[in-house]
Amino acid sequence: DTEVTQTPKHLVMGMTNKKSLKCEQHMGHRAMYWYKQKAKKPPELMFVYSYEKLSINESVPSRFSPECPNSSLLNLHLHALQPEDSALYLCASSQGQAPTYEQYFGPGTRLTVT
Amino acid sequence: DQQVKQNSPSLSVQEGRISILNCDYTNSMFDYFLWYKKYPAEGPTFLISISSIKDKNEDGRFTVFLNKSAKHLSLHIVPSQPGDSAVYFCAASDLSGGSNYKLTFGKGTLLTVNP
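Residue numbers (this note's numbering), protein chains in the order written: chain A, 81 to 194; chain B, 2 to 116.
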C-alpha cells in the first residue's frame, strides 16, 4: 500500500470556524509533511514531523496547528483563518526526512475560507 | 526570491517526439534534484532524481541531465505519450542537511502531449 489519504477532499469554512484536516499513511514512514499550494504556485512546505516530533515549522502562523497523534496520522488544526489561506493543502510522507527518501503525496484538501 | 525556476509555464509536444523540460537553480548549496509529476486532482508523484555527483540519470523513457556549472537541469521524455500530459515540478535540496533537507519546488511546467 503506497497510498497517502487525506480527508476531507474539499472544505469550506468561515473565518471564525475551527476545523481539522486529516492525513493517514500505512507505509511505516517516519516523516510526514504538510504543504500549502496556491494556484499556479509551487508547493510550499509548512511543517515536518520526524518520528512523531515536530522537526520543521516554516514560520507558519499560529492559526495553523499541526498534530501527529501517532506514526500513521497527521492532523492540521485550523482556527480563525483568513481568506488568503484558501489553497490546496497537501500531506506527504517518506521513510525518513532526507530528500533521498521519496515523498509520497496525498491528493490534497481544497480549502476555501469565506 | 525564487531559488528554483521553471521558466516555461507550458510545453506542447506531439506524441512520439521528445519532451524537454528545463529547470534552473540559484542556490549553490543544492546538490540533490528531483522531478515530480502531478495530474489534476492528485498529489505530486516522484518521477526521477539526480545527485550532483552525476550529470545524468536514466529511468526508462525519462532522463534527467544536470549541468552544475550552469546550475541547470533538464528532464527528457522519449518518446512522449499522451499519458505524460501533466504538470512537472522540479525540486532541489541540500544533502548536507542545510535548511533541514527541505525540498524547494519550482512553479511547474504544464506538458501537453498531443496524439
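Bear in mind the hints are in silico, worked out from the structure with no lab data behind them.
Each hint should be verified, as a subset may be incorrect.
[Claimed, not checked] Below, computed lysine-lysine pairings styled on DSS-like, alpha-carbon distance capped at 27 Å:
#1 B:K103 x A:K89
#2 A:K120 x B:K103
#3 A:K120 x B:K72
#4 A:K118 x B:K55
#5 A:K89 x B:K72
#6 B:K39 x A:K102
Right, here's what the structure says about each hint:
1. Straight-line distance between C-alpha atoms of B:K103 and A:K89 comes to about 26 Å, which keeps the hinted pair within the 27 Å bound.
2. At roughly 20 Å between alpha-carbon atoms, A:K120 and B:K103 fall within 27 Å of each other, so this suggested pair holds.
3. A threshold of 27 Å between alpha carbons decides the hint, and for A:K120 with B:K72 the separation of about 23 Å falls inside it, so the pair holds.
4. Restraint check: the Cα-Cα separation between A:K118 and B:K55 comes to about 33 Å, which exceeds 27 Å; the hinted pair is violated.
5. For the given pair, A:K89 sits about 38 Å from B:K72 by alpha-carbon distance, which is inconsistent with the 27 Å threshold.
6. Pair hint B:K39 plus A:K102 holds up; C-alpha atoms about 21 Å apart against a cutoff of 27 Å.
Going through the hint list in order, the structure does not satisfy hints 4 and 5.
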